[in-house]
Amino acid sequence: MDQLPRHGGDIYGDPPIKLDFSVNINPLGIPTEIRRALKQNIHRLMCYPDPESRGVRGQLGAVLGVSPDMLLCGNGASELISLAVQAVSPHTALVPAPTFSGYQHALAAIGVRADHALLLEAEQFELRDSFLDIMERKRPDMIFLCRPNNPVGNCIPKKRMVQILERCEAWGSYLLADECFLGFTEQWREKSLMPLLKDYPHLLILNALTKTYALPGLRMGFLMCGDADLRNRMKALQPEWSVSVPAQIAGLTQVSPAYMRKTRELLRRERKFLTGALQALGFRVYPGEANYLFFTEEQERGEGDPLRYDEALRKQGILIRNCSNFYGLRPGFYRIAVRKRRENRILVEALKGVKGHVHGTPSPVGY
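Residue numbers (numbering that gives the first Met the number 0): 0 to 366.
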């Protein structure tokens, strides 16, 4: 059996990939305004980037309602996670499971092994009161929470996040809240923790243009924090010219609000389509709010390894994310990005073919 990739988006092997459902980026693609800005400013590649990303911080601050002084830009969210971990230098850390593995990798790089708070399949992988009990017992130096959670897609309620923040402030623990997917959800501004930055200095909020504007190859992330000393420590650890000229151009570009409005309309429609199609094929789809779906087979197929749908689909040039290497998940869980209808139909037909081949009977789904 092939080793699973750490992340989605591995389009560089064989056979050639025609459709990639393993990465959760905006299905509308790169905004027209950013495409135009990059093309018009190609000459600026002859210059070094602003090492302070002053223009980008000013632009982001104005759009998000956050002081530019609270913002630190980085070479994607991954760099900022690593910088935050190095700057905080925790002895102990708490991470729910399953969740994005990047937090654990950043901790491992400084020799810290994270404690895991298991989210239960029987509870639809929701973060419940038991997490607060684990926090109380362990009182970790640093906590990582992803909203919506990756790979499940559910979003921890803001009220619960405030309960966690109150405890972090009382104990002096840092909370890194990853909001990279939050912009895809309905009423995302009301859900965001950004208004709490001034009141909770131990709060760090992570975001990026990667998912929102379909720019994973550009690497443009930003972190918000009210603790000036911590920001300065992170900045001191950051390599010079970490944020490239093209990344800063993208960050400076004003994108029409219609782009994200159309994105959420598409996601609302296509989540419903894909959920119904997957359920009709015998999959269980977990409730979520993000631009991806998390699912497994409704009934286990008996003894032995479960069918590797990712392997079967890759032979057809389609990538989906096998989630078996997420800590806390058994084999048989998958994540797919929500794309446009034509592409979603291709995926459904391919899954229908795999199901029909395995069970020897045609699927009743007519997509």
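Hints should not be assumed to be uniformly reliable.
To be verified - Here are the computed lysine-lysine pairs in the DSS-like style, where the Cα-Cα straight-line distance is at most 25 Å:
| no. | residue 1 | residue 2 |
| --- | --- | --- |
| 1 | Lys137 | Lys157 |
| 2 | Lys271 | Lys234 |
| 3 | Lys314 | Lys261 |
| 4 | Lys234 | Lys17 |
| 5 | Lys17 | Lys354 |
| 6 | Lys271 | Lys197 |
| 7 | Lys190 | Lys158 |
| 8 | Lys190 | Lys157 |
| 9 | Lys271 | Lys17 |
Worth flagging that the hints you see were computed from the coordinates, not collected in a lab.
Status of each hint after checking the structure:
Restraint check: the Cα-Cα separation between Lys137 and Lys157 comes to about 22 Å, which is no more than 25 Å; the hinted pair holds. Taking the CA atoms of Lys271 and Lys234, the gap is about 43 Å. The hint is violated against a cut of 25 Å. For the hint linking Lys314 to Lys261, the alpha-carbon distance of about 33 Å lies beyond 25 Å, and the restraint is violated. For a cut-off of 25 Å, the pair hint linking Lys234 to Lys17 is broken: about 40 Å separates their Cα positions.
For the hint pairing Lys17 with Lys354, the CA-to-CA distance comes to about 20 Å; that is within 25 Å, so the pair holds. About 38 Å separates the Cα atoms of Lys271 and Lys197, which puts this hinted pair outside 25 Å; it is violated. With a C-alpha separation of about 9 Å, the suggested pairing of Lys190 with Lys158 holds against the 25 Å cut-off. At roughly 6 Å between alpha-carbon atoms, Lys190 and Lys157 fall within 25 Å of each other, so this suggested pair holds.
As the CA atoms of Lys271 and Lys17 are separated by approximately 24 Å, the hinted pair is consistent with the 25 Å bound.
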